Amino acid sequence: MDLLQTLLLRNLGRNPRRSALTVAAVAMPVVILVLSFTIVAQLNRFLDDSAAQLRLAVAHKTSIINPLPYGHKARIAALDPSKRDIIAVVGIAWIGGVLANDREPLTTMGVDADEFPIAFTDHLLTQAERDAWQRDRRALIVGRSTAAKMGWKVGDRVTIRASVPPYSEFSFNVISTAPQAIDPVANWCHLSYIFEERARSGLPESSVDLVSFLFVKCAGRAALERYRVEIDRLFENTPDETQTQDEKAFLNQFISQQFDLPTNLTLLALITIAVAVLAAANTMNMSFRDRIGETATLRALGFSARFGALLSLTESVLLCGIGGALGVLAPLLAFGYTPIGDVQIPLIVRLEIGPGVCAAALAMALAIGVIAGAWPALQGGRLRVIDALRSLE
Amino acid sequence: MALPIRYHWRNLLVRRTTSALTILVVTAVVGTLTWILGFFLALQSSLSVAGDAHKLLIIQRGTTSETNSAISPEEFNRLAQLAGVARDPESGEPLISPELYWQTQLPRLRDGGATRANVALRGVTLRAFEVHRNIRLLGERFSVGEPQVIVGRAAAAQFAGLAVGDVIRIGVGESREFRVVGHFDAGGGPMESEIWMYLPAMQSAYLRNGYSSVSVRLEDPASAPAAIEQVRSAPIELSAEREADYWRNQTSNVRFYQAVCFVLVAIMSLAAAFALANTMYASVAGRAREIAMLRTIGYRPHHILLGFVMESVLLSLIGGLLGCVACAAYLELVGSTKDMFGSSTFTTMAFDIRLTPLLVGWSLASVAVIGVIGALPPAWRAARTHVLTALREP
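Those protein sequences? They're chains A and B, same order as listed. Be aware that the first sequence starts at 1, since it is given in this note's numbering, and climbs by one per residue. Be aware that the second sequence starts at 1, since it is given in this note's numbering, and climbs by one per residue.
You may find that some hints are simply not true.
Listed next, the stretches of chain B that the computed footprint assigns to chain A, with coverage defined by at least 3 CB atoms under 8 Å from CB atoms of chain A [to be verified]:
1) 103-114
2) 232-244
3) 271-284
4) 305-317
5) 344-357
6) 360-370
Because the hints were derived from the structure by calculation, they are not lab data. Small disclaimer: the values here were computed from a predicted structure and weren't measured. Each residue gets a CB set at the ideal place from its N, CA and C atoms; glycine is no exception.
Just chain A, with the same shape it has in the complex:
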């Protein structure tokens, strides 16, 4: 084994430029792997976290921008008077919002104040926060990334102009910056405040009690599945038919309709792996050709074909392993310790490269090494020693 080690190190070192270029050509694709795996994993985690909340999203069947009558809430709740399966129904009215002298659109939604803490357990974690929320009709929970961007903190008074009729200005008191919320962007306020404002501004009565969606918190998976179908059946053949989805499917339609990042990134990662395999295979192939004479000599000296194969295989795995390690390290350092890490990504907000992704990328790099080294290893085994030696002259 000692000889193998010596030969291996010598081989790696004798054409340092080639080794370095190969390491780089493998490291780059691994960087892409790490980044795209991370983005996809974080998007999925966001969706899974939402799914774990066991909520159904009820929207208008015709279009998500069609509002639903608030009366739907009571009718859905009446499906389960015991409240064993349907724990809470929350009406949500989207008002979007912008600040007085800022174009940046906000995501602000009015929710039923009593049911919100029951259905959205990732908000209002302390009793003090819950009290502040119930006490103040103008209470506003601000998403933590929104709060960071706007420089808002608990106790601030903010004025937001709604992006939907009647386009009034709402003044809110920030009571929480939702440190644990799954959605880091959305702001939440009292639905009753929005209804009052609509009525006060003289909107026709039919436009006051409308909500954008209803979220239905269920007790378990079975209830979720059952009411997903039953709610739509309840409103069948009424003017306001509904489309009920679990929260993951509901949110996923926004992601897949924008650029379908998960699918496209996965595809990109696959092509990237192919690039790395080809680049590494090219190196191993060139090195093998350069060393045909040596391999033949080794064989003539009595070393087995397996020894030669092992030699090129380990060299390839080692090169790709180093490339993989560098490829994992570069984004880890870049996103952990440089300003690049502050780049905000929609939905994900902050890219956090996890150990699982790093391990997967490293494993992939080693696998690339095996595949790239396999062909020369195979060829080395089939080498006709006499011909090879003769061709040296």
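Given chain A's structure and the hints, the job is docking chain B onto it.
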């Protein structure tokens, strides 16, 4: 006199496996690059069509799109005071088009109706056809007396039930039936993804008496800033934007993804450049004697340098062409139709990724650059080959 191309071609053939592997690396990179470039070129061209400098889009203050904007008839009437508006040459009426914007869900044809897209509905008066000059009817126009609609070409191609003669259900509770009587072309712009109908018919179907937005045609594009300011201030107090700016905001999210993809492709291209450099270094090392020979018979160092760069560019162009073919095959197999959400309209813009000469040109140009970058260091080394030492080597 430069080295003949045939010399380089033969050299590539001698190192068959290496050449093939290198070409495949480039193929994979270019295939991806072409698709991503194609996606954004398609989006870009759709948006640039929407950039009619004469047009202003007016929506309610504080709103981000036509979808959540509402303009009352009183507010609309105040727009009559707006200065600089173009007029109809015959009637002298100002070219101001009140429009109602809503949406309905229609099945996508691409996946056999498994998913549904939010398709925009636009209620317009006949004036709209003078304000939106790029609209070209491909058949009949809706009648003002009958429940009829016309459908943009992209919408008709990508969503189900929009052929001429089909009936769509719209309005509150989808209670009204409208017949498709014709299609229209908007020069590839975003309006091609919409369904248009007569404004009063749409208002009655959705029980509305106001509008969503107002499009205005200006006499002179240069007066846009003044007009925007006039719309913003009292007594009009609405929000006006150039058409191009409005659509640019709708795609802001996609622009972010675009940046992500381009960074990733740039990293990938770098990997390809490294692979090329590796190949060319090996080629240079293996041909030291040959290079020395060329120098002896009179070729100058810059000929050698240029020669190796050419060889690398040749290699990468073959890979580039194959990459374009691969991208074309992918578009053929998986489909070239795409659509995306406006980030605040929530309606779907449909477009088609096409391998245009411009796109192929861009891809090949970038791959040639990769080829040059990858080849320069090894070619430099080749050019500096020491003639006597190299000739003396076995």
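Status of the hints after comparison with the structure:
Counting residues of the region 103-114 of chain B whose beta-carbon sits less than 8 Å from any beta-carbon of chain A gives 3, enough to reach three: the coverage restraint holds. Coverage of the region 232-244 of chain B by chain A is violated in this model, with 0 residues showing a Cβ closer than 8 Å to a Cβ of that chain against a need of three. Check on the region 271-284 of chain B: 9 of its residues sit with their Cβ under 8 Å from a Cβ of chain A, so the three-residue criterion for coverage holds. Counting residues of the region 305-317 of chain B whose CB lies closer than 8 Å to any CB of chain A gives 0, so the stated coverage by that chain is violated, three being the minimum.
Closer than 8 Å: that is the beta-carbon criterion, and the region 344-357 of chain B has 3 residues meeting it against chain A, so the requirement of 3 holds. Counting residues of the region 360-370 of chain B whose beta carbon lies closer than 8 Å to any beta carbon of chain A gives 0, which falls short of the minimum of three for the stated coverage.
Of the numbered hints stated above, those contradicted by the structure are hints 2, 4 and 6, listed in ascending order.
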